[in-house]
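S.K.: Residue strings, one per chain:
There are 2 protein chains.
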Amino acid sequence: MTIEYDGTNYSGWQIQKNSVSIQESIEKAIITVTGQSINLTGSSRTDAGVHAKGMTANFFCDTTIPEKSIAAAINSKLPEDIAILDAQYVDENFHSRYSSTGKRYSYTILNRRVSSPLLRNFAAHVWYPLCIDSMREACKYFLGTQDFSAFMSTGSSVKTTIRTIRLLNLVHSDDIIKLYIEADGFLYNMVRIISGTLIDIGRGIISPNDITRIIESKDRERAGKTAPPQGLCLEEVYY
Amino acid sequence: MTIEYDGTNYSGWQIQKNSVSIQESIEKAIITVTGQSINLTGSSRTDAGVHAKGMTANFFCDTTIPEKSIAAAINSKLPEDIAILDAQYVDENFHSRYSSTGKRYSYTILNRRVSSPLLRNFAAHVWYPLCIDSMREACKYFLGTQDFSAFMSTGSSVKTTIRTIRLLNLVHSDDIIKLYIEADGFLYNMVRIISGTLIDIGRGIISPNDITRIIESKDRERAGKTAPPQGLCLEEVYY
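Top line first, the protein sequences correspond to chains A and B.
Here the first sequence stands for residues 26 to 264, where the numbers follow our numbering.
Here the second sequence stands for residues 26 to 264, where the numbers follow our numbering.
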């Protein structure tokens, strides 16, 4: 399934005690539709407040619902801030996370003095001036296959902290700065820490050619702050 | 003052009994800041669910607050879905509505099968296919000085129903259709009825060259439906 959601009112993708997760909301809708207990496997574990236009997830189930009716059937049981954009039957070996060959995220920054009522849940507000040229120059140092442990929050266990960033683009229009980042995979909070580091570069606290040294240090303390969740959106998962 | 707001959780601009309006919320903030009872005069009366990036409003008040501090002082007392973008002292004869020389609105349509969690409060969802070429062709018939009573909802009294539409542009990108419309002034629900009529044209129910006849008929019944409020945004008021 390909899924869009507004993460504002959720504790994140993953099921947690005492709070409503996106995973749980979709599982409940599927159970209502199919009458079967299922477990939903998501390709990413987005944090509270993070959005998705192209999250993917899979589940196993015996059902006679025609493929083209599955999304509409589940959507009829979902709240309006979650929607299944597409659903299809897949091979039993398919795994939404392990079968993925990469992901693309966007990070949106609003750069003006006053915060925006319309973008408050969809952009990070930075009120001080940012040097776009420095931010754009810094992007190239992140590209390629590198050990990104300096850009990972603690709290997840991974086999390797090496990732390949294929693309990191900055698009600037009026007071909106939009970052697009594509990699074979991401470490925990990696996009938000890269975004926070680029904001610190724009502010002049970090220099663009410090990036290589920060990556080589493997020291989380040397990278910038973790940018807030509402600017982040999972755009697409590749297979 | 120039004001941005997310109209989702309000009954509209104008003060009403038993519901929270944007006007009332801003008046309360100003009263807290200045310690004086004031009346806020807005340039437009946006309906429930309608948004603004550039609403304007004025009020009379004796205060020693420096001009450059007014917006920040009021913002500190406002909820996060309303923000004063700019405030300045004006001549006593200034009236946010009567001094205005024109306004620009945008109307956003999402044209795809599944509704969008991220745009649910900011676009009208049209699930059936729309013919963009027909919609674009129809735009030109609305331009100029004409009697737009066929494009006015009942419920407001106006001296004249003649208005001059200076610009009506359609911008199409992926599944988003955005209308931009500028006029010397607008009748009640005029932008939403024009948008609804353009949607009916896109669907093939109305033909582009019917527009002139519909305008000449002065008959509200002959125009299209009133498009839903969440797609509408007051972009700018001109002086």
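I should point out that these hints are in silico values taken from the structure, not numbers from a laboratory.
Heads up, some of the hints might be wrong.
Which copy? The list can't say, so a pair holds if one copy fits it or any two copies do.
[As the list claims (entries may be wrong)] Heads up, simulated EDC-like pairs for lysine to aspartate or glutamate below, C-alpha to C-alpha not over 20 Å straight-line: (1) Lys78 - Asp225; (2) Lys42 - Asp200; (3) Lys78 - Asp200; (4) Lys184 - Asp200; (5) Lys93 - Glu162; (6) Lys53 - Glu105; (7) Lys250 - Glu52; (8) Lys78 - Asp199.
S.K.: Each hint should be assessed against the structure and marked as holding or not.
M.R.: Structure-based check of all given hints:
no.: 1; hint: Lys78 - Asp225; result: neither (27 Å within a copy, 28 Å between copies)
no.: 2; hint: Lys42 - Asp200; result: neither (39 Å within a copy, 37 Å between copies)
no.: 3; hint: Lys78 - Asp200; result: between (23 Å within a copy, 13 Å between copies)
no.: 4; hint: Lys184 - Asp200; result: neither (39 Å within a copy, 40 Å between copies)
no.: 5; hint: Lys93 - Glu162; result: neither (46 Å within a copy, 35 Å between copies)
no.: 6; hint: Lys53 - Glu105; result: within (14 Å within a copy, 32 Å between copies)
no.: 7; hint: Lys250 - Glu52; result: neither (34 Å within a copy, 37 Å between copies)
no.: 8; hint: Lys78 - Asp199; result: between (23 Å within a copy, 14 Å between copies)
Of the numbered hints stated above, those contradicted by the structure are hints 1, 2, 4, 5 and 7, listed in ascending order.
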